[in-house]
Amino acid sequence: MSVKRPVALISLAAATSLAVAACGGPETAAGSDGESTETVTFTWDRNTAGEDEDPQYEETSVEAPVNPETIVAFDIASLDTVGALGGEIAGAPLDNVPDYLADYLAEDAFNAGTLFEADLVAIEAQQPDLILVSGRSSALWEDLNEIAPTVDLSPAGSYLETLERNTTFLGEVLEAEDEAAEAVESLNAQIEDVRAQTAELGTGLGLMVSGGSLSALAASGGTEGGFTYRSGIMYDVFGVEPVIDDIQGATHGEPVSFEFVLEENPDHLFVIDRDQAVGTEDAQAAAEVLDNDIINETAAAQNDRIHYLNPVAWYIVYGGLDTTQVMIDDISAAL
Amino acid sequence: MSTPTTYAPTPVRSARTGVGVVIGAALVLLAVASVFTGVSDVTPASLLRADADSHAQFLLLVSRIPRTVAVLLVGASLGIAGLIMQMMVRNRFVEPSTTGVTEFATLGMLGCIIFAPALPVVGKAGVAAVFGLVGTWVFLQVIKAIPVRQLVLVPLVGIMLGGVVGAFTTFIAYRMDLLQSLGQWAQGSFASVMAGRYELLWLAGAMVVVAWVAADRFSVIGLGEDFATNLGLNYRRVMAVGMVVIAVITATVLATAGIVPFLGLVVPNVVSLIIGDNCRRAIPWVAGLGAVFILACDILARVVRFPYEIPLSVIVGILGAGIFLWLLLRKGSRAH
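Chains as they are written, first to last, in our numbering: chain A, 728 to 1062; chain B, 20 to 355.
For the record, the hints were derived by calculation from the structure and aren't laboratory data. Warning: the hint list may mix true and false statements.
Ranges of calculated distance between the beta carbons of each label pair, as one might list FRET restraints [to be verified]: (1) B:V51 x A:S1059: 47 to 53 Å; (2) A:P782 x B:R255: 58 to 64 Å; (3) B:G341 x A:A849: 47 to 53 Å; (4) B:D60 x A:N838: 52 to 58 Å; (5) A:D781 x B:R299: 29 to 35 Å; (6) B:V183 x A:N838: 51 to 57 Å; (7) A:D1018 x B:I337: 30 to 36 Å.
Interface residues of chain A toward chain B, partial, derived using beta-carbon atoms under 7 Å [stated by the list, open to error]: (8) V848; (9) F987; (10) N1030; (11) D1031.
Just so you have them, the derived chain A footprint on chain B, three or more residues with Cβ under 8 Å [claimed, not checked]: (12) 78 to 86; (13) 214 to 226.
Note that the coordinates shown come from a computational prediction; the quantities given were computed from them, not determined experimentally. The C-beta atom is built at its ideal place from N, Cα and C for all residues, glycine as well.
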């Protein structure tokens, strides 16, 4: 079940888009019939130090099988990309898979644990062919790699560089190189469009609202460890001009008061509702927090320019193909 | 003062009055400083200028004064909650955060985040208060069941109880990926306090008044159940009032400002050093000193990383732990 769909899709794609310039790696061969012994090599700098230690990188290479039958994804962004390229995920931390990506799970998908903790027994029982980790789940690499080839798709370089690298790799794995290239191209083009418009948008401030408190999000180009840039995506990728540029690139921004927002008075507020990311679908806890006299005094509120971003996409997933599309749509809606 | 050979004893009462004046003066000074500390330009001068694009007056009314009032209410009421709890348990080392009450209230808060994230703060505080009440009751039952009431054993049991409830809360939050939301709630901070989002604390203020009215009864309670009953006191009713006072204060403070550790422990103990154990006399002192302590901490929290804020609980935790250690280790301490 899990093999047929990508194969069908890929043969269809191969038939219809032969004219598209070939960009697949030399190791991937056309005409695979499901059982393949080919592999794609993925190499990255693996952090061998513990989570809170100074990072120590070691170059690591893993041979990922082409056209794997059973893929387990701890990285939701990779789940997104695999699904968008026509693949199917057999196991994932199911609680963390957002609704808009639920279709990319196999019908009998099993729960592989949480983003931080793998259910090794369940995974072993499924005998996966390939396991995908990144960021939060990187620390699971050693355990998981004993079960099946495990690839760490943690960010390296800018957001878009990582997106392209991961999409290209997963495209090769799924024998969907053309779709991968097209998807990246399409997203890049849309982002260029958006950037052209955000340039005239005025200033913006990213706010994370969580538990009734505000944090100002950083504009940071940094990618060390992969955690810092999610808060900066709206500035770094989409070109929103930050209202202040000296916010520390901390993962969750800097705690600020309502008064701070009024004083800096950005033209646009981009709000990530941390509570809603995991809470009830329609609950807008952040809207309740921000509906107050001080915020209502800001230019953003008075011009109706408080934009609520999809918190799951911006905060939890960020990095997959569909998710990047969600983010583009969110920013476009603000234009 | 003049020479060591002077034998005229300093009247204890006037020394106390002196400390009282110092606390009162510090209260007024810090309150004024608190009103004029912040990101925007709100100074006496800017208030008088009152030009069109200045937000000074607006911010003074909507942000600064509410924040200062909130800080005052939190400081005063938390100190009282600690004092009442110490009377009820007859132990100097308890307060809501060392007896599991805060953890129970936090569990209630988590329930709100999960099941009703859009619930207004009043609702969340109400749920937290009910949980806090249950927590106080559970703690008192557990304490009753302990045969030997050693001084250190009681808070130890409370901390363990809090640990169990806290672990449960953390587990749920972890499974629901809510650890950070919970952390934000629990982290003490007045950064998001403003008009319309602190008024709940007046309830905590009302509890201070209740505590004052019932102060003598709490003093008697502090002598033990048998003694209190012999004096004709309705022991259970007074205990119930005390539980409500503690739960409401804990929950409203948690919902508006988060967890403020140590204050309820340190302040009543310091006051007891100065004026002794009379509950009625102690209440204004505890309220005043609690307010002074937390005002200073909140001003520091706003200034250290200006224009950003650091969590108040960090500062309170460091200072509070220091004072607590001093109380434990100082010469002639009764806590051996």
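The hints, checked one at a time:
1. B:V51 x A:S1059: 47 to 53 Å: For V51 (chain B) and S1059 (chain A) the Cβ distance comes to about 49 Å; the hint holds.
2. A:P782 x B:R255: 58 to 64 Å: 60 Å, holds
3. B:G341 x A:A849: 47 to 53 Å: 48 Å, holds
4. B:D60 x A:N838: 52 to 58 Å: 54 Å, holds
5. A:D781 x B:R299: 29 to 35 Å: 57 Å, violated
6. B:V183 x A:N838: 51 to 57 Å: Roughly 27 Å apart at Cβ, these two residues miss the hinted range, so it is violated.
7. A:D1018 x B:I337: 30 to 36 Å: Holds, at about 35 Å.
8. V848: 18 Å, violated
9. F987: 5 Å, holds
10. N1030: 16 Å, violated
11. D1031: 20 Å, violated
12. 78 to 86: holds (count 3)
13. 214 to 226: Check passed, 3 qualifying residues.
The earlier numbered hints that this structure contradicts are 5, 6, 8, 10 and 11.
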